[in-house]
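*Asks:* Sequence:
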Amino acid sequence: MANSETKLCAIIGHPVKHSMSPAMHNAMYESLGLNYCYLAFDVLPENLGNAIESMRSLGIRGYSVTVPHKINAMKHVDWIEPLAEKIGAINTIVNDSGVLKGYNTDFFGAIEALKEKTGLKGKKVLMIGAGGAARAIAFGLSSEGSALTISNRTGEKAAELAKEVSAECLAFSRIQSELKNFDVLVNATSVGMNPDSNNSVISIENANGLVLFDIVYNPIETRLLKEAKANACSTINGVKMLVFQGAKQFELFTGKAPSIKLMEEIVLKRLARK
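If you count the sequence shown from 1, position 205 lands on 205 in UniProt numbering, and the numbers rise without skipping.
Some hints here could point you the wrong way.
Claimed, not checked - Using 25 Å as the maximum straight-line C-alpha spacing, the simulated DSS-like pairs for lysine-lysine come out as follows:
1) K117 with K75
2) K124 with K157
3) K17 with K269
4) K115 with K226
5) K75 with K124
6) K117 with K17
7) K117 with K180
8) K256 with K229
9) K163 with K86
10) K117 with K269
11) K123 with K226
12) K124 with K7
13) K163 with K124
14) K115 with K17
15) K123 with K7
16) K269 with K229
17) K86 with K75
18) K226 with K117
19) K101 with K123
20) K124 with K86
21) K101 with K180
22) K157 with K86
23) K256 with K226
24) K229 with K7
25) K180 with K163
26) K17 with K261
27) K17 with K7
28) K86 with K121
29) K157 with K123
30) K7 with K115
31) K117 with K7
32) K124 with K17
33) K256 with K7
34) K180 with K123
35) K124 with K101
36) K226 with K269
37) K180 with K121
38) K101 with K75
39) K75 with K121
Hints in this document: simulated from the structure, not taken from any laboratory.
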């Protein structure tokens, strides 16, 4: 039961009605006996500054920040962790006694999801995408010592990001012919997400032994992942990244380590209902 001592956290974005975060965080608060409550606030872009400033006046402990606010939220906090500065986006704000601190846990979520299946140091990784999520993953892979190559339908964006993280660049048209030369493939785009689940960013052929990570989590198994499994690839779905980044946020908000297993179970149950 919420009371005057309850600490409030929330996700802010537009829209947020389909967010998995409230279910994940509230289940963990209950499991650990923490007097916290996690809500979802639909915040229009023009109201972002006021929403973040209200953390001070209302004593809100933390925000998870989702689209379309991850970049603009940086303007409204007092401090940003160095890696989030490089990435150019934050997805987490912590109210530390009135000082608003910005973090990016997306890269952590992706890296931890990959590490469950493979080492990353020295591995040849091909990442498709150059948007916000791709930026976070690229900096994460670079920090792990991966030999990263970036490809994107818009070649200029891939080249710009590759330059920032000292990676190679590959023309999108050459992915199929070059795929056999990589250890890991990351789809860091939204291609294949419901309701367009029949789409796939590429076709997987002759990729035996490849580790394939698709950041899309709805559907749980995308067309890309199904093709990868049919070609004897090791696969990682987007639920893993969602859970690991959420777990890191939970730790930043509460100082407690959550159960990854419980958080994943909550997400999978909710996705199964859709």
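*Asks:* Which numbered conditions among the earlier hints are violated in the structure presented, ordered from lowest to highest?
*Replies:* As far as the earlier hints go, 1, 5, 6, 8, 12, 14, 15, 19, 21, 23, 24, 30, 31, 32, 35 and 39 are violated by this structure, in ascending order.
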